[in-house]
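Engineer: Okay, here's what each chain looks like letter by letter:
Number of protein chains: 4
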Amino acid sequence: MIIILKKDTAKERIKKIASELQAAIISNHSRPDRVLVTPSALKNLKKEFLPAVENYFVFDDDIQLASRKFMDVTREVNVGGITIGGHSKNTLVITGPCSVESEEQIMQSGQLCKQLGVLVMRAGAFKPRTSPYTFQGLGIEGLKLLDKVRKKFGLKIITEVRDATHLEPVIEYADIIQIGAKSMYDHGILNGCAKTRKPVLLKRGFGTTLQEFVQAAEFILSGGNENLILCERGIRTFETKTRFTLDLCGVAYLKKHVNLPVVVDPSHAIGYSYGVADLARAAMAMGVDGLLIETHPNPSVAKSDASQQLNHKEFTELYSSLKAVAKAVGRNVV
Amino acid sequence: MIIILKKDTAKERIKKIASELQAAIISNHSRPDRVLVTPSALKNLKKEFLPAVENYFVFDDDIQLASRKFMDVTREVNVGGITIGGHSKNTLVITGPCSVESEEQIMQSGQLCKQLGVLVMRAGAFKPRTSPYTFQGLGIEGLKLLDKVRKKFGLKIITEVRDATHLEPVIEYADIIQIGAKSMYDHGILNGCAKTRKPVLLKRGFGTTLQEFVQAAEFILSGGNENLILCERGIRTFETKTRFTLDLCGVAYLKKHVNLPVVVDPSHAIGYSYGVADLARAAMAMGVDGLLIETHPNPSVAKSDASQQLNHKEFTELYSSLKAVAKAVGRNVV
Amino acid sequence: MIIILKKDTAKERIKKIASELQAAIISNHSRPDRVLVTPSALKNLKKEFLPAVENYFVFDDDIQLASRKFMDVTREVNVGGITIGGHSKNTLVITGPCSVESEEQIMQSGQLCKQLGVLVMRAGAFKPRTSPYTFQGLGIEGLKLLDKVRKKFGLKIITEVRDATHLEPVIEYADIIQIGAKSMYDHGILNGCAKTRKPVLLKRGFGTTLQEFVQAAEFILSGGNENLILCERGIRTFETKTRFTLDLCGVAYLKKHVNLPVVVDPSHAIGYSYGVADLARAAMAMGVDGLLIETHPNPSVAKSDASQQLNHKEFTELYSSLKAVAKAVGRNVV
Amino acid sequence: MIIILKKDTAKERIKKIASELQAAIISNHSRPDRVLVTPSALKNLKKEFLPAVENYFVFDDDIQLASRKFMDVTREVNVGGITIGGHSKNTLVITGPCSVESEEQIMQSGQLCKQLGVLVMRAGAFKPRTSPYTFQGLGIEGLKLLDKVRKKFGLKIITEVRDATHLEPVIEYADIIQIGAKSMYDHGILNGCAKTRKPVLLKRGFGTTLQEFVQAAEFILSGGNENLILCERGIRTFETKTRFTLDLCGVAYLKKHVNLPVVVDPSHAIGYSYGVADLARAAMAMGVDGLLIETHPNPSVAKSDASQQLNHKEFTELYSSLKAVAKAVGRNVV
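Chains as they are written, first to last, in the working numbering: chain A, 1 to 334; chain B, 1 to 334; chain C, 1 to 334; chain D, 1 to 334.
Honestly, the hints are just simulated from the structure, not real lab data. Because the structure is a prediction, the values reported are computed rather than measured. We put the CB at the ideal spot given by N, CA and C, even for glycine. Be a bit skeptical, because a hint or two may be false.
[Stated by the list, open to error] Selected chain B positions facing chain C (Cβ under 8 Å, derived; list incomplete): (1) Thr38; (2) Thr134; (3) Asp163; (4) His187.
All chains should be built: construct the whole structure from the sequences, respecting the hints.
Structural biologist: In structure tokens:
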């Protein structure tokens, strides 16, 4: 249950009610420190509390702050002046390589963004690889290169945190903190990202239900950070011709029931460059809030995800066609 | 291996070669009775056969006649004058109810098609229900009602065969024979559909890999019917918020590797009407060859699939937006 | 809802009640023609019917006749004098090759059964292959060879029906009719098997939920054939190191909630001979009602499923260890 | 490739070879600092290195140190005098509650272990819950209670690390460090566990392939900790009647191909107490190296996983039957 207490409720009284109801006091930006969230198991509010209550919301399950039942309009997230969600019709197209590999490579990616008008660039410095015998990312050095490219081209940067041991530098260097699919349940990361006010992009785990996905988002929302974006990037199914299965039914579900902006990553979903453009256009036609598309100046030599990255020519063509589809469905590419 | 024998090869010689190679002789429409298909395990052709051979194709697996390695252009399928595949840019939008329920209902559906210019109407007479205690379809009586609506409104009809016991009447009454997801492995149906020349729409089983799906198509192609359309309608995954998971990565794979037209059914995939329009636009943006969308004059009283059918107003709006997306990606709605 | 009418209820009255409730009249062996089954949506029985009613059962879903809520004890199935289920502690171990390939091969398999005391032999004549370019089974000729081996060694035969076009000869030749995983939804087969009294072994589809699986069984039970056995043979998951994933959690569920005997097929589940013995012992330790284990006189030359069949030496060792495990958990191998 | 250098190779030479081959130098307990592991992509060793090489092993993929191709016998893991793997036939049965909830509760669990002769007790202090609004574990206080129960009853303790922020205290307090299913990809934890010599039990993620699972183990092995145990605890599939699907085919695969001891957790797999005993016996019949079974003095009031925990009476009966099955397959319960 979400309980909104009256504006003038005394701090002491709020604490007492929260304690009696085993509720978290959360800081909704427009209503600081007077929103309580209890486990969803609570369905009825005792009479004694009612005088202090402005409004309350009952839920079937622990999707509460993220539910459209609580807040109907998609939450607005602002990335250094660029807005998605809210009443905007913006779709944020993000591109860049899987990993920062070298200054030369990342500068070429920055150049591409600059040239096309792409505002946010992606690249990973801490890579959550499945094998210990492959490239693990450049780490802090990679973050510094991202800072350089950001300054040179006036871009915003989204980069991934792999585990809680390097959360601080990622928060420091990133404009959007990406929580990767494999780190989605990491309480160290979720709790840390709840304490910053920087935007966070939370990727769905490939073995994660929509229910669990949004519940992970609730850790961040209830911890106090409302600048949160969800990202669908493919789930693991029995099909092996493609790397994962992009769950656009899930995207439709999130759009209907959840009040957070939704970004789609077609590159990791299919795992092969041949299908990325079609899937990106498909997501655009659904009116998603953003797209995350991997590109590389020379995909064939990429140190990770070589098969799925578009080259710059392919992306340039795709970017133009995305604008056409956006127009057909009433969206603006930003 | 597919082996194309020279045009003037004697019938006896063809038979002999086929027998020695354990090959099927298939009747490709442009090259009758001189195309041989062996198991894909055969990788090399003995020298002695070469003088009779015009061309041959080696394959990794038993996707052979359906492979773009054999035939690069999508096969053209003609439904009573309406063409998809080939060099056309047509996307065939099909609609109608899950089941034929009554004359009144089906006439209203026919009226909708007529009004909007939809050329092909869908509706099931033999329903493959999962429970014996629910509506099983009107059977032959349903086929007769479909014939009536076809004549009244000048439509083409697609309807489903559930099992081999009623294949003959379905072939007789349908303009396109639909093989449902649960019947996809049915050899009685596959072999029967191989012998007709009517177009067949083969739905992917919800537990079926792309490999197996296209191999089922090979039963029909190798049996002699090239008027074949594939349909993606959602696969079964761990996600339960939606009924199935529409596999658009799989559609991208089929477009890339398989020479058959591909139709998408968003209604069965998501199982809820709220997401059908978004998913239909997504598929259109991918440039698929067709869409299969369930509509009902009054979904709330539908005898099957009530939750996923659009009402006529919803479909009318969707149909208009589909044309806008089609235009953006260079397709024609037919 | 299942409604048991009083013993002396007039035929006319039964028909009338059935018609008013849209119920099927089924012939439970101990209570012929006075058991009604309505859709499970019916939760309350109108007062007017009560005088004719002996007892009734309300259900959450369309698992009704198969539910332990209706009949607590596992149904007894008799295969030519061999009993499983009921109050027996018998576990029926069935073996034999994937396909009948030749008289010599099948006679060797019969010899193995005879020698070890295995009472029921398996082998397929109509094979539901996924590719049209591989061995499809010997068909009727295969059935005749099975008849020969049955007579020679005094065995019972279980063999598979692939589609409804050859259901009759399979019913005629088999002692147990096997409905394969790919045919599990085939209404032609289900309805046909409901009309015979021969035992039927229904395999779970690899993409089929337990709910759908038992609902398919309800087609046979409600059609009048209670000699029904369920078989778990592995479901399709994201794991590809093994062919399928044997669902022993599902077996535990069936044992708890469903009143039909359960057989486990470890061979098709794992798809590799190395794991079959361990999985067979695992299933035995759970106290299942039967095991279906593929063996071949010479697996390396088998025309289908070569990798998963045990040779006769391997099976002989396994059979002995199965008896030890059976004893530890209070079961008898038959 | 794994390369074992000759015993007397100079340290400098080892470093140089490692650097040229981009190999990790790992410390195999019997051959410290002269085992190199390169990415598995390396298939051939240049002639110039051969004089320094004692032996080398080529692999298909990055399952290398864990492969039976490298080391045929299962690695031996010693938990305070109790041995599993190696040439032992021991199966370690571990029990205890999901979470430490109170001193009273955990002492009752310790009492049960003491009474039956169970040597290792499980209980979580840091719980990786999916919802922020439910019990998150007692944290450090829980670890201290575990220390108390360990001392009182002379037990060994296995407890879970949830994320990298509290890895140190878990390493300090635990006798076996459990890496939970949701933390399996956490590089902070994997790298931290590689540096201790305490035994680690790595649970398979529920969306994780066997390939990825063993590759996560390679992070620990290649980092220098060989005291490693794998745990299968159920994967996520389309089936929802049970919480997860226990993958015993996967266990058979691991037993065949991987040199690490394998423990099975039936409680989390099925999620319901009714099936735990049957599944535990099934795993025992496969000859696994251990079982992890949740018990609670009073499951109905448990703060987490209430539905799947056995009460002490149920476990006592199960424990006795496990010994019978163990005997039938030649294992010792420890």
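Engineer: Each hint should be assessed against the structure and marked as holding or not.
Structural biologist: Against the structure, the hints come out as follows:
no.	hint	result
1	Thr38	holds, 7 Å
2	Thr134	holds, 6 Å
3	Asp163	holds, 3 Å
4	His187	holds, 5 Å
In summary, the structure agrees with every hint in the numbered list given earlier.
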